[in-house]
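Residue numbers (the working numbering), protein chains in the order written: chain A, 2 to 168; chain B, -3 to 96.
Rough simulated footprint, nothing fancy, chain B against chain A, three-plus residues with beta-carbon under 8 angstroms:
1) 22 to 29
2) 50 to 61
3) 65 to 71
4) 131 to 140
5) 148 to 160
To be clear, the hints were calculated from the coordinates, so they are not data collected in a lab.
Note that CB positions come from ideal geometry on N, CA and C, so glycine has one too.
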Amino acid sequence: MSLELLLFLILALIAIASALGMLLSRHAVYAALFLVLNFATVAVFYLLLNAPFIAMAQITVYAGAIMVLFIFVIMLLGTEVLPPSPVLPWQRPLAFLLALGLLAESVYLLFFRQRLTLSLPATIDPFSGPKAIGQALFTGYLLPFEITSILLLVAMVGAILLTRKER
Amino acid sequence: MIPLAWYIALSAVLFTIGALGVLVRRNPLVIFMSIELMLNSANLAFIAFSHAFGALSGQVFVFFVMAVAAAEVAVGLALIVAIFRTKHTINVDEMNSLKG
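In isolation and in its complexed conformation, chain B is listed as follows:
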C-alpha cells in the first residue's frame, strides 16, 4: 500500500527539477523540455489525487492539460524556428529585443 504523500513528494521533486532547468539552462529547447516536465509533474499529482478520492475529474483535467501542452509546444517551437531564421542562433542571451 503506497501512501498518497509519496506520489505528491515525487511530483514536487520533479517540479523542482523542471523549475531548476528553466533557471540554469541556456538552450531554449531544453527550457521547453523543463516546462514539459513541470506540466507532467502536475499531471502526476492530479492523477494521484483522482485515484485517492475516487473522482474522475482529475483524469479529465489531465486530458485538457495534455491538449494545452501540445498546443504550447507547437507554437513555442515555431517561435524558436522563427527566431533562428532572423538571428541565426537560439541562445537565450541573444534574445534581448522584441524587434526581429
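Next comes chain A alone, as it looks inside the complex:
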C-alpha cells in the first residue's frame, strides 16, 4: 500500500465521519464545527488533486466566511438546540430508504455504466496554479465571471433588504 493510498483512506474516513457527525449532532454549533472539519479535509483532497488555488479558496470562502456566518446566525438566534417536536413515525425510515436508493443509483450509474477505469496522474504539473486559473477566468470565462460579481451584489442587497427593520 503506497503512502498516497494510505493518505486517501485516512482523509476519506475523516471526511465521512465528520459529515456523519454533522448529520447526527443535536447541537447546531457542533454540527457547524464538524462541517468545518469536513471542508478542511476536502481542501486537502483538492491539494492532492493538484488544485492548490481551489484548495485555498475552499479554506477562505467555505471554512472561513460561510461557516463564520453560520455560527454567527446560530448564536444570534440562540437556536443551538431546538425543543423536541413530534416526528412522523414513518419519516426517518423512509428518509433512510430514499438515501440508500440514491446511493445505490449513483454507484450503479458511475461504476457499472460508465467504467471509470481511469487512473489519476500523480505528477504535480504547474498547469493549475493561480496564474493558469486567472488566465482561464479572464479570457474564456470573462462573461460568467462578471455575472458572478453581479450575483454577489444582488445577494448582498437582498440580505440587507430581508433583515431590515420594518417601519
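Assemble chain B onto chain A, guided by the hints.
The following block gives chain B in isolation, referenced to the frame of chain A:
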C-alpha cells in the same frame, strides 16, 4: 496511484449524507449545512475529473459554484433571521404559511 472511481465514490457518499441531512433534520440551519455539504461533494467530483482529464474548466466551474454558494448562504440566512423575527421559532414544521 489512486483510481478516479474512489474519489467519485467518496463524492457520492458525501452527497448522500447531505441529502439525508435535508430529509431528517428539523433545524433549518443544519438543513443549510447539508446543502453546503452536497455542493461540496459536487465540487470534489468536478476537481477529480478536472485532474483526470487535465482540463482546467472543472476548476473554473468550482470557483463559480463557490460564489453561488456564498450568495445562497447570505440570502438563506437572512431569510431565516427574518422568519425568526416574525414567528420567534425556526422549526421547519412551523413554517407552513407564505404570509408573515
